[in-house]
Amino acid sequence: MQRIGIVTFPGSLDDHDCVRAVIRAGGEAVALWHGDSDLQNVDAIILPGGFSYGDALRCGSIARFAPLMTDVIDAAKQGMPILGICNGFQILCESHLLPGVLTRNAHLHYRTKDQALRFENTKTVWTANFVDQPYAVIPTKHGEGRYVADAAVLDDLEATGRVIARYINGNPNGSMRDIAGVCNEAGNVVGLMPHPEHAIDTLTGPSTDGLAFFTSILSATAGVAL
Amino acid sequence: MSAIDTVERAAGSPAIDQPWAELGLKRDEYARIREILDRRPTSAELAMYSVMWSEHCSYKSSKVHLKAFGDLPKSDALLVGIGENAGVVDIGDGWAVTFKIESHNHPSFVEPYQGAATGIGGIVRDIISMGARPIGVMDPLRFGAADAPDTKRVLPGIVAGISGYGNCLGLPNIGGETIFDPCYSGNPLVNALAVGVLRHEDLKLAKASGPGNLVVLFGARTGGDGIGGVSVLASETFGDEGPAKRPSVQVGDPFTEKLLIECCLEIFAADLVVGIQDLGGAGLSCATSELASAGDGGMHVELDRVPLRDATLSPEEILMSESQERMCAVVEPAKIVDFLAICAKWEVTAAIIGEVTDGDRLTIDWHGERIVDVPPRTVAHEGPVYERPIMRPQSQDALNADTTDTLPKPATGADIRKLALRMVATPNLCDKSWITQQYDHYVRGNTILAQPEDAGMLRIDEQTGRGIAISTDGNGRFCKLDPYVGAQLAVAEAYRNIAVTGAKPLAVSDCLNFGSPEDAGVMWQFQQTIRGIADACRELEIAVTGGNVSFYNQTGETAIHPTPVIAVLGTMDDVARRIPMAFGPDQTLIVIGDTRTELDGSEWAFAEHGHIGGRPPRVNLQRERSIAQLMTKAATNGLVAAAHDLADGGLWQALVESCIGGSVGARVEIAPFEPFGFLFGESAGRLVVAVKAGSEAALTVECDALDLPWIRLGRTGGDVIEVAGSFEIPLTDLADAWRATLPSLFDTVEVTAEAL
Amino acid sequence: MPRVVVDVLLKPEILDPQGQAIERALPRLGFAGVSDVRQGKHFELSVDDAVTNPEDVVRQLADNLLANPVIEDFTVTVVR
Amino acid sequence: MPRVVVDVLLKPEILDPQGQAIERALPRLGFAGVSDVRQGKHFELSVDDAVTNPEDVVRQLADNLLANPVIEDFTVTVVR
Ligand SMILES: Nc1ncnc2c1ncn2[C@@H]1O[C@H](COP(=O)(O)OP(=O)(O)O)[C@@H](O)[C@H]1O
Ligand SMILES: [Mg+2]
Chain A
1 MQRIGIVTFP GSLDDHDCVR AVIRAGGEAV ALWHGDSDLQ NVDAIILPGG FSYGDALRCG
61 SIARFAPLMT DVIDAAKQGM PILGICNGFQ ILCESHLLPG VLTRNAHLHY RTKDQALRFE
121 NTKTVWTANF VDQPYAVIPT KHGEGRYVAD AAVLDDLEAT GRVIARYING NPNGSMRDIA
181 GVCNEAGNVV GLMPHPEHAI DTLTGPSTDG LAFFTSILSA TAGVAL
Chain B
1001 MSAIDTVERA AGSPAIDQPW AELGLKRDEY ARIREILDRR PTSAELAMYS VMWSEHCSYK
1061 SSKVHLKAFG DLPKSDALLV GIGENAGVVD IGDGWAVTFK IESHNHPSFV EPYQGAATGI
1121 GGIVRDIISM GARPIGVMDP LRFGAADAPD TKRVLPGIVA GISGYGNCLG LPNIGGETIF
1181 DPCYSGNPLV NALAVGVLRH EDLKLAKASG PGNLVVLFGA RTGGDGIGGV SVLASETFGD
1241 EGPAKRPSVQ VGDPFTEKLL IECCLEIFAA DLVVGIQDLG GAGLSCATSE LASAGDGGMH
1301 VELDRVPLRD ATLSPEEILM SESQERMCAV VEPAKIVDFL AICAKWEVTA AIIGEVTDGD
1361 RLTIDWHGER IVDVPPRTVA HEGPVYERPI MRPQSQDALN ADTTDTLPKP ATGADIRKLA
1421 LRMVATPNLC DKSWITQQYD HYVRGNTILA QPEDAGMLRI DEQTGRGIAI STDGNGRFCK
1481 LDPYVGAQLA VAEAYRNIAV TGAKPLAVSD CLNFGSPEDA GVMWQFQQTI RGIADACREL
1541 EIAVTGGNVS FYNQTGETAI HPTPVIAVLG TMDDVARRIP MAFGPDQTLI VIGDTRTELD
1601 GSEWAFAEHG HIGGRPPRVN LQRERSIAQL MTKAATNGLV AAAHDLADGG LWQALVESCI
1661 GGSVGARVEI APFEPFGFLF GESAGRLVVA VKAGSEAALT VECDALDLPW IRLGRTGGDV
1721 IEVAGSFEIP LTDLADAWRA TLPSLFDTVE VTAEAL
Chain C
2001 MPRVVVDVLL KPEILDPQGQ AIERALPRLG FAGVSDVRQG KHFELSVDDA VTNPEDVVRQ
2061 LADNLLANPV IEDFTVTVVR
Chain D
3001 MPRVVVDVLL KPEILDPQGQ AIERALPRLG FAGVSDVRQG KHFELSVDDA VTNPEDVVRQ
3061 LADNLLANPV IEDFTVTVVR
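In the order they appear, the protein sequences are chains A, B, C and D.
For the first sequence, position 113 matches number 113 in our numbering, and the numbering has no gaps at all.
For the second sequence, position 223 matches number 1223 in our numbering, and the numbering has no gaps at all.
For the third sequence, position 3 matches number 2003 in our numbering, and the numbering has no gaps at all.
For the fourth sequence, position 58 matches number 3058 in our numbering, and the numbering has no gaps at all.
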């Protein structure tokens, strides 16, 4: 069974939800601790949502310096699949694994919303299973999710198909070009503001659309684990 | 620095003038302290007694009345009752749940963001101190008129504070209330509820036992937060130059609290504490005296070991400081290394500040000098008790006589139609999303129901589907008209809100928000309210597990409406069977319960005529029990598709909310009833349910068996709500009106410093 | 047009959770010599030439909006 | 111990929603003469006497942590 590592930083909140989602999708969830320096042979890593270090300074700016992040950054550069959700996305941007930065919502409020999305890149290891169903409803919940980058970076992201998902039917935070998620050049590192781990069961979420992230990575890493 | 006021010095200088009055003590209270100690108190002791004997900590005006709750029949479900940090109830399968509601009204008026934020922080620590993992919060709020300048000042900050703190802790916000009434202008009510879960064997209590065990203070460092009053003592200690400035406002640090939660849970899991207590009002004074008082020995504390944020604090100030995010634990010496290691892992500051002793005294030293030597019970549990004068206000008769009978009422279908559009948009009945979308209700992944449902519902056990539901309610207008009946209506409504989700009501926590206890009229309201709650709980067979009293909510001579906020907790065997409130297409609508033309104290009278008078709706608690029985059965057997309780705004409001929730219209027939009273009256003990068309009989048979009156109201479908023979309104028009109110009031509020 | 700077800081006696979180992270980043971090807000704004007393006007603005006088202090500096 | 101030501001081309919110509020508050508001962060910190080049150290800290060079500029001032 593939091992998906889920990192807990001080102030991480959705780590349990990611564990549940990985298990629901049929994988093994492995708890990784920010202060360690050991990736425990996982096949992929998720940086979960939350308020690492209380969102002090800028979201993700302090977590980026956690001991484990050195290993995560190295692994990312070698092609290890990494998914950053919300605060995890912020950490990936602060670590310069992804371009751009997530800033205060244009309306200045924290907002929770069942958000409609369109997946535009279904070739990454995290999004492959959106290929037949590129429309999804997944919760967003954040105060600082407005994606910002300069025009050249945005043009390049679009030209190279690295905008993995966009907000549709309303932009919840003023994100530039309605960007909800992006990936790196290699496609192994993905950042996403909405929370797929909260959309795995209609009993507790608006849909089961988010499950595709977790099934995608399990299929993608299945070969590796053999 | 001038000399410390030691016990020895106090014994030798009986005649020194002490600032007991400035500290809020009465002359006879001060005399009693001298009698207890057989000398004058030291300034540190005076500080402790004054804060612990305050209304807030000692419940001196309310104690005699709260006894009524203790006299209720013992419930098997109640594992821990009133008196501990929070009550604990058994919900089956070895699970227990603890929940409590508390007020943070005045701090939120002074500094809305921080006041509300620390309100959440404080109630969550109460839950942790029972050994439980906090799993959710709720926020019943009351403000002055929606368009009043003071409301615009406080509401955005209060909501942002609850959001900022609760979201950062990772606790889903699963419900609350937002009520506007001029009586709360200058006295907003910020009540906060937290709920936690634990296994029976993990229960912790606040007591210091086992001589030689260590007393550990952990969490945030101690600063001069919230010690305004005690500065009179500090100025004596500090001589002429006076004390450094002390903050009047406490600032919360949810990140530190989140670490404290995880740290405590890991400590509990390793079974490393004998007793634990959170630091709230009265800080260390309270924690040390309560732990010692509840234990079987004494306690000794070296106060200079307390980690400080501000090195200039005097010992009196350290004892009184209300710095947030702190806990106090009693730990066996053999376990202290492990305890401190877990604190270090979570980057939580911890210090051993003392130990449990053989004796029966609480002693506190400051750099080797004894500054406190008291019997802890006299500080914590044997404070003054008052039987305040009680008198039914003379104005009560006139108030009850001033009914809605004489108010003009809409006569034609066209008039009712206009009213129907206005009513859904009143600040009290409108969509609360502007507030609730600032809260995270998804975190932890166990939220089954949250706003705008009648109750919040959380899954406790993923294997079995066992869960709980909680709702808070309290209609201040009904309580003003008749506090006894109003309190019963509040219990009934919260109970019913649990029932309509399919959960089984089990226990109550209450937050009693009142004016000054020194006003005999207020004390009458208070006494009536408690009797009302106690009698209702007795008849409904639900246990009161604890609560909170907030007095002095008044501006000048004018008190707020008596406002008991009642939280009812229920259990759900399998959350997959929960009943939501949103209607679906092609369902038959049935109204259960009796509708009378009860308009006194209604939202209609208030919103349309600014009128409060007459008598509140009748209560029928046996009816409420039958409804709960019906709905438990309906959930278990899948008899209904949706259900919504009828309360503020009456049937019309419930119908509109459930139609908007499911994006579906409805056609209803209410003849032979007169439409206005039927749609807007607020009779209690009612709900509207939706059943799959064609399968009504299975439900109505059960209603008949329980003697529950019911009528077939109509059918869902289409995109208008039509009241046959009277009027119809497109659902989108209703939804637009319902949604527009709060954004138009508060999006236009210019930014405040807190938002920057 | 004069450009005016307003710096807002929590009063010294008030807990500064943000500054504290930064401070705790510093040793790990190799900045052991840095301590006592306080985080506040910095505003820059332009005042019309027609306004005769820019500093007073901005001070009033700071008191009303930019700072929360219950917990914050501020300074106003006209830079040009 | 030298006290050092770091001011961080969004680069001019980056949208500043807080600055804009303030600007929108100004006319209503009677501050019609104020315009072009930018909001940033203000830090104050102490540097150990043992550190020989406090300004350089803090500049490095600002570059690594206090500011995000993708969107922000900063200034460092040793105040005493
Ligand atoms: N301040 C608040 N925080 C969270 N939820 C709220 C708040 N105010 C209102 N709500 C939610 O909005 C919905 C409607 O509130 P209300 O009309 O008072 O419910 P009810 O009449 O069923 O008690 C409920 O789900 C309630 O929990
Ligand atoms: Mg209800």
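For the record, the hints were derived by calculation from the structure and aren't laboratory data.
Hints may be right or wrong, so weigh each one.
[As the list claims (entries may be wrong)] Taking lysine to aspartate or glutamate pairs in the DMTMM-like style, the calculated list, with each CA pair at most 25 angstroms apart, reads:
{"no.": "1", "chain 1": "B", "residue 1": "K1152", "chain 2": "C", "residue 2": "E2072"}
{"no.": "2", "chain 1": "B", "residue 1": "K1060", "chain 2": "B", "residue 2": "D1090"}
{"no.": "3", "chain 1": "B", "residue 1": "K1026", "chain 2": "B", "residue 2": "D1038"}
{"no.": "4", "chain 1": "D", "residue 1": "K3011", "chain 2": "A", "residue 2": "E120"}
{"no.": "5", "chain 1": "B", "residue 1": "K1345", "chain 2": "A", "residue 2": "E144"}
{"no.": "6", "chain 1": "D", "residue 1": "K3011", "chain 2": "C", "residue 2": "E2013"}
{"no.": "7", "chain 1": "A", "residue 1": "K113", "chain 2": "B", "residue 2": "E1029"}
{"no.": "8", "chain 1": "B", "residue 1": "K1418", "chain 2": "B", "residue 2": "D1733"}
**OP:** List in ascending order the numbers of the hints, as given earlier, that are violated by the structure.
**Re:** 2, 4, 5, 6 and 7
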